[in-house]
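Now for the letters of each chain:
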Amino acid sequence: MKSHTEYLTFNLPARMAFQNITQYCEEAVRKSGIKEGLLLCNAMHITASVFINDDEAGLHADYKEWLEQLAPHAPIDRYRHNRTGEDNGDAHLKRQVMGREVVVAVTDGKLDFGPWEQIFYGEFDGRREKRVLVKVIGE
Amino acid sequence: MKSHTEYLTFNLPARMAFQNITQYCEEAVRKSGIKEGLLLCNAMHITASVFINDDEAGLHADYKEWLEQLAPHAPIDRYRHNRTGEDNGDAHLKRQVMGREVVVAVTDGKLDFGPWEQIFYGEFDGRREKRVLVKVIGE
Amino acid sequence: MKSHTEYLTFNLPARMAFQNITQYCEEAVRKSGIKEGLLLCNAMHITASVFINDDEAGLHADYKEWLEQLAPHAPIDRYRHNRTGEDNGDAHLKRQVMGREVVVAVTDGKLDFGPWEQIFYGEFDGRREKRVLVKVIGE
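Chains as they are written, first to last, in this note's numbering: chain A, 1 to 139; chain B, 1 to 139; chain C, 1 to 139.
Think of the hints as simulated: they come from the structure by calculation, not from any bench. Mixed in with the good hints, there may be bad ones.
Any copy, or any two copies together, can satisfy a pair, since identical chains are not distinguished.
The calculated PhoX-like cross-link candidates involving lysine-lysine, where the alpha carbons are at most 25 angstroms apart (straight line), are [stated by the list, open to error]:
(1) K31 x K130
(2) K110 x K64
(3) K110 x K31
The shape of chain A in the complex, shown without the other chains:
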């Protein structure tokens, strides 16, 4: 069994933002030399997500509006977590809706994707550096 591990760093310029990171995952598969296996891609921070969906700007605006309704950022004193001095209580909730990680099949040396699947880094407490882990195992 082979394995390959990479750490990506992102610093998104807004509190909430999404970035397509599919190319970095494809490159990790290529570097790994793995033909059949699984790729894990996860946020290493607990106010961020990695998820798979469509690369369409209208949808991303819909996600932001919907997540803000489900877990509003303000007033920040609505979250007990913010009594610790943080203001990101909402981000911990939004991240649970969108998920921490994706596991993707690697088949014949490629990410085995449906027609519209793309991998996104989802940031809910941005404007600082955060890391994403990519690990490929297989043969």
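Based on these hints, arrange chains B and C on the given structure of chain A.
Chains B and C alone, transformed into the frame defined by chain A:
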């Protein structure tokens, strides 16, 4: 390390519907000959889910009602995504709540399940053919 | 390829409660002797979750309040599932928001975590024994 990959196709007759696909996953494990490993099962489309829960019709009706409250289908102009000519903006949101994929342990040649765990394909924009990927890796 | 499987049993004293189970997962990795691979940790019951987030009591109180708003326990007759004689319809919904499982990278013999990542067992229908599966595969 061995691996085995299958693609299942479903065409559910309603916009929102759930189908038990456990037997297909069990068969993939059997065909793989793998005794110890992991099974990945994921929707290949971004308006559908694969999730694990109970095979109980009342619960499935509860899920549908709840998801419709969290992300209503109509009016379709409430979603910016639908300005692209689609009417499935809600389906992209519902899929995030229910999840894209499941990863299941394979132990002693079988899906290592608790007493009520069953795998479901969850459709949120149905009445057309969509695919599900099943991949087993291990030894 | 090596593999190692463990079953943990928990009996949390409230309907809804969270327990940090990171140490049990770390121990499973140690016992496995695996240096590079993946760890799967999942609830084996369908009214419980395994998720990764912060070990902060205020945040956990926020999660409970938020989940109770998204899927209230009472009145229990609001869920068709409860017509089967159960009173845990809400627990099946809450578990979908928080997720069934986590997949964590094992790198150099350790859980490859960001600074605040901790693994939790999330209970939504407690006061009875339930099991969690931990499986590590790799080399």
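Hints and how they fare:
In the homo-oligomer, the alpha carbons of K31 and K130 lie at most 25 angstroms apart inside one protomer (23 angstroms), although the nearest pairing across protomers, at 31 angstroms, exceeds that limit. In the homo-oligomer, the alpha carbons of K110 and K64 never lie at most 25 angstroms apart, since the shortest distance is 30 angstroms inside one protomer and 35 angstroms across protomers. Both within a single protomer and between protomers do K110 and K31 lie at most 25 angstroms apart by alpha-carbon distance, with minima of 11 angstroms and 23 angstroms respectively.
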